[in-house]
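Visitor: Single-letter residue listing:
Protein chains: 2
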Amino acid sequence: MKVDHIGIATHQLDEALALWQDALGLKVDSTEEVTEQGVRVAMLAIGETHIELLEPLSPGSPVGKFLEKRGPGIHHIAVKVSDIRATLAQLKEKGTRLIDENPRVGAGGCLVAFVHPSSMNGVLLELVQRI
Amino acid sequence: MKVDHIGIATHQLDEALALWQDALGLKVDSTEEVTEQGVRVAMLAIGETHIELLEPLSPGSPVGKFLEKRGPGIHHIAVKVSDIRATLAQLKEKGTRLIDENPRVGAGGCLVAFVHPSSMNGVLLELVQRI
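Read top to bottom, the protein sequences are chains V and Z. Going by my numbering, the first sequence opens with residue 1, and the numbers climb by one from there. Going by my numbering, the second sequence opens with residue 1, and the numbers climb by one from there.
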């Protein structure tokens, strides 16, 4: 198990990208628009994990609402799992509150599912299975 | 460069520890009290990085104030650097707002310094040099 990425919400992706590249010397792995989740995404490699910068496509999207409520900052942690359906089934059995009971397609075409912060110590946890 | 740990603020360390161990099968690397920063800390290994659970020793400590304002959740990201003084000097030259202009001793006896969220896209960034 490893941390796949750390998601950071930002109002302005290009500015945030310049900031993280300049401050820490990180390099961009990929950028894409994930319309299903209402975000523009840039991935910066750091060791075996990534900083994922997220700019909302609209104010009503989940990241847009987060920005309105809390401002820019750390949005979620994503953990890489080998079998996302098995992990979701185990969490459900333990009584964990899931946002997604079934995985959906996320950035980079991988399978993703979110666990509710109320069950994870206030942390929005994303499970990721890379295909 | 890699992510040294992800800091998560919690009201009750033992409950949070049980939760993260149970949900993701993580193992505890170490626990300690860092009186200088006013926290009880538990480190859980995940790949090359760690989840760092933080319980405040008092309500007036930085983590205590964070909990009062925002509730439990992700508190900071720590990045491992090889020469913390050189990194701080580079950041200062770029005009980055630093919380610590000089490193101090953190959990595990390493050198740490914090960068202000106002200069890092709302993210409280910790630099860590392990000795």
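Calculated directly from the structure, the hints in this document are not laboratory data. Please note that the accuracy of each hint is not assured.
The list makes no distinction among identical chains, and a pair is therefore deemed to hold if it is satisfied within one copy or across any two copies.
Claimed, not checked - Straight-line Cα separation of at most 25 Å, BS3-like style, residue types lysine-lysine; simulated pairs:
no. : residue 1 : residue 2
1   : Lys-2     : Lys-92
2   : Lys-2     : Lys-69
3   : Lys-94    : Lys-80
4   : Lys-2     : Lys-80
5   : Lys-94    : Lys-65
6   : Lys-27    : Lys-80
7   : Lys-2     : Lys-65
8   : Lys-94    : Lys-69
9   : Lys-2     : Lys-27
10  : Lys-65    : Lys-27
11  : Lys-94    : Lys-2
12  : Lys-80    : Lys-92
13  : Lys-92    : Lys-69
14  : Lys-27    : Lys-69
15  : Lys-80    : Lys-69
16  : Lys-27    : Lys-92
Visitor: Checking an output row: Lys-94 and Lys-80, CA cutoff 25 Å. Within, between, both or neither?
Guide: This pair counts as within: shortest intra-copy Cα distance 20 Å, inter-copy 34 Å.
Visitor: One pair to classify: Lys-2 and Lys-65, alpha carbons no more than 25 Å apart. Within, between, both, or neither?
Guide: Cα proximity of Lys-2 and Lys-65: none, with 28 Å in one copy and 30 Å across.
Visitor: At most 25 Å between alpha carbons: which applies to Lys-94 and Lys-2, within, between, both or neither?
Guide: within (21 Å within a copy, 32 Å between copies)
Visitor: Using 25 Å as the alpha carbon limit, work out where Lys-2 and Lys-69 are close: within a copy, between copies, both or neither.
Guide: Answer is neither; intra-copy 29 Å and inter-copy 30 Å both fail.
Visitor: State whether the alpha carbon distance between Lys-94 and Lys-69 is at most 25 Å within one copy, between copies, both, or neither.
Guide: Neither: 30 Å inside a copy, 30 Å across copies.
Visitor: Have a look at Lys-65 and Lys-27 and pick one of within, between, both or neither, based on CA distance no larger than 25 Å.
Guide: Intra 28 Å, inter 34 Å, cutoff 25 Å: neither.
Visitor: Could you place Lys-27 and Lys-92 in one of the four classes (within, between, both, neither) given a Cα distance threshold of 25 Å?
Guide: between (37 Å within a copy, 21 Å between copies)
Visitor: With identical chains treated as interchangeable, where does the CA-CA distance between Lys-80 and Lys-69 reach 25 Å or less: within a copy, between copies, both, or neither?
Guide: neither (28 Å within a copy, 30 Å between copies)
Visitor: Have a look at Lys-94 and Lys-65 and pick one of within, between, both or neither, based on CA distance no larger than 25 Å.
Guide: neither (29 Å within a copy, 31 Å between copies)
Visitor: For Lys-2 vs Lys-92, is the C-alpha pair at or below 25 Å within one copy, between two copies, both, or neither?
Guide: within (21 Å within a copy, 32 Å between copies)
Visitor: How would you label the pair Lys-27, Lys-80 (within, between, both, or neither) given a Cα cut-off of 25 Å?
Guide: Classified as both; 21 Å inside a copy, 16 Å across copies.
Visitor: How would you classify Lys-2 and Lys-27 at a CA-CA limit of 25 Å: within, between, both, or neither?
Guide: both (20 Å within a copy, 13 Å between copies)
The structure fails hints 2, 5, 7, 8, 10, 13, 14 and 15 (numbered hints given earlier, in ascending order).
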